[in-house]
Amino acid sequence: ETGVTQSPTHLIKTRGQQVTLRCSSQSGHNTVSWYQQALGQGPQFIFQYYREEENGRGNFPPRFSGLQFPNYSSELNVNALELDDSALYLCASSTEVQGPEAFFGQGTRLTVV
Amino acid sequence: AQKVTQAQTEISVVEKEDVTLDCVYETRDTTYYLFWYKQPPSGELVFLIRRNSFDEQNEISGRYSWNFQKSTSSFNFTITASQVVDSAVYFCALSEARIGGSRLTFGEGTQLTVNP
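In the order they appear, the protein sequences are chains S and A.
The first sequence begins at 1 in our numbering and counts up by one.
The second sequence begins at 1 in our numbering and counts up by one.
These are computed hints drawn from the structure, not numbers from a lab.
Source: prediction; values computed, not measured.
Quick reminder that beta carbons are idealized off the backbone N, C-alpha and C, glycines included.
Hints are not guaranteed to be accurate.
Pulled a few chain S residues facing chain A out of the computed Cβ check, cut under 8 Å [said to hold, decoys possible]:
(1) P43
(2) Q48
(3) Y50
(4) P70
(5) L90
(6) S94
Turn these sequences into a full structure, and let the hints guide you.
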């Protein structure tokens with residue numbers, strides 16, 4: 001148990017729709033990162049939020065956006081869903097006080113049909 | 001740009017065998033971190049270990065050991081006396097030292113199957 005929880009665990013959406021995924025970080029962690037993991041591949045960095053500000057972004061289009069709230073929980077929003085967006089979305093939290101390691105939630109499995 | 005290569009896509013062993021998972025990385029950063037994560041079928045990535053670039057001391061934790069060699073840019077992971085519960089996908093990852101938290105670059109993973 002990492003203390004990082006994601007909701008929902010599974011989701012099915014239609015191409016063109018919008019989706020919001022949620023992440024509750026481990027207590028005391030002020031950094032949240034989001035990763036996309038396609039089937040059979042390693043996770044790919046989407047973006048990171050540190051103290052409510054975006055702190056780096058991977059090679060993902062602007063239709064992937066996010067938020068971090070004052071309690072350090074976070075949302076990942078994806079607009080205009082495409083079939084290739086089908087993947088496991090992983091949230092990770094960390095704090096510099098405890099070191100650079102990130103602790104992951106169980107993920108949200110998104111299927112776009 | 002950073003890159004992590006895990007050349008072994010799948011490994012299958014029989015219980016009690018030793019197994020080594022290879023990881024080679026590329027980075028231009030002088031200070032960086034290396035990680036190993038385990039991903040069981042449930043999907044959650046479980047943190048196993050972190051090494052700092054300036055600390056090449058090998059580490060042993062129970063049946064797990066890690067060999068970090070900066071000269072060959074490798075960070076290999078050995079499981080001694082493997083068990084069925086070790087079956088999972090293992091990821092090696094790399095991050096530069098940065099304010100706010102790690103931005104992990106993962107390898108493609110090695111699927112380890114331990115047969116009884």
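ask   = Which of the listed hints are broken here?
value = 4
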